[in-house]
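There are 2 protein chains.
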Amino acid sequence: MSVSPQVVGGPVRRPDVNEKLCPSRVVLEHVTSRWGVLVLAALLERSYRFSELRRAIGGVSEKMLAQTLQTLERDGFVNRDAKPVIPPRVDYSLTNLGREAGEQVWALARWTERRLGDVERARSEYDEARTS
Amino acid sequence: MSVSPQVVGGPVRRPDVNEKLCPSRVVLEHVTSRWGVLVLAALLERSYRFSELRRAIGGVSEKMLAQTLQTLERDGFVNRDAKPVIPPRVDYSLTNLGREAGEQVWALARWTERRLGDVERARSEYDEARTS
DNA sequence: GTGAGCGCTAACCATTGGAAAGTACCCACT
DNA sequence: AGTGGGTACTTTCCAATGGTTAGCGCTCAC
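Chains as they are written, first to last, in the working numbering: chain A, 1 to 132; chain B, 1 to 132.
Since the hints were made in silico from the structure, they are not lab data. Take these hints with a grain of salt, some might be off.
Which copy? The list can't say, so a pair holds if one copy fits it or any two copies do.
[Stated by the list, open to error] Below, a list of computed lysine to aspartate or glutamate pairs in the EDC-like style, where the Cα atoms sit at most 20 Å apart: (1) K83 / E73; (2) K83 / E52; (3) K20 / E120; (4) K63 / E73; (5) K20 / D127; (6) K83 / E19.
As the structure is a prediction and not an experimental result, all values here were calculated from the model.
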């Protein structure tokens, strides 16, 4: 017999990223991590093989890509499908959960690209205000 | 006389966060940075003073909060309003640009809190699959 | 047979981030 | 009169994080 959540055990407050020790904070850090954002956004469009993804995302090292993918897989965002062939072939894709995250970071990435001009203008103003 | 953008100068491709050297990537890193996300999300709800914000966001050091706010101010996301009184009083709020970013990271933070249970379940499965 | 590609892992070092203390000023309390 | 606390930071130092490089075991193309 299973019981409904939070009937057993101590008081489990609802997650709050503003609390220092809340586990939701580390999940948020995984999806907003430097490479996590780009991996989720890329996989939203289609699935990729490891080194294909590495070429798609400029500047990732193999170590960081592997690490990022492992973290995202463990969190249930990414599916890893390793075909036992030679040479090895490993396909990465998003789970349903990962797709929800991917949609949001994808939107954020596109927004950033669109607004880059505004940011650069703001920076010029800021810098000029203190060099004079 | 001013000319329209990209008429003068070399070929300026449209921003792409997947390119190693694209400036949009560093902007994305600023908004998705560990403390940047939490600051933008907090300021979306209301404006805050420095140490009030520090208390609201559990675990930020003063150094990192100051640094994050300076970066976000320079990028044009945050307004800094320092009243010349003693003791010092500095209010931080979002610009229009910052509000657009804030809305997205706020949604991401709330989504993460809601989905925490799913992530924890995925992790248990993942971990169990390799300890056995 | 030599070089490239595959998907990683391990070792090493540079950069980043956090903890703690310093700063300069004022107010409230004892 | 002195002690402690609050304001908004900056500086210093050390630990943790991230990046670079090399290695591995295997296969195919040239």
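Q: First find the shortest C-alpha distance between K83 and E52 inside one copy, then the shortest across copies, and answer within, between, both or neither for a cut-off of 20 Å.
A: within (16 Å within a copy, 53 Å between copies)
Q) Is it within, between, both or neither when you check K83 against E73 at 20 Å Cα-Cα? A) Within one copy only: 17 Å inside a chain, 48 Å across chains, cut-off 20 Å.
**Q.** Homo-oligomer pair classification [D127, K20; C-alpha up to 20 Å]
**A.** This pair counts as neither: shortest intra-copy Cα distance 34 Å, inter-copy 25 Å.
Q. Is it within a copy, between copies, both, or neither that the alpha carbon of K63 lies no farther than 20 Å from that of E73?
A. For K63 and E73, only the intra-copy Cα distance (15 Å) is at most 20 Å; the inter-copy one is 33 Å.
Q.
Within a copy, between copies, both or neither: which one fits K20 and E120 at a CA-CA cutoff of 20 Å?
A. Between copies only: 18 Å across chains, 33 Å inside a chain, cut-off 20 Å.
Q) When no copy is named, should K83 and E19 be tagged within, between, both, or neither for a Cα gap of at most 20 Å? A) neither (41 Å within a copy, 29 Å between copies)
Hints 5, 6 from the earlier list are contradicted by this structure; the remaining hints agree with it.
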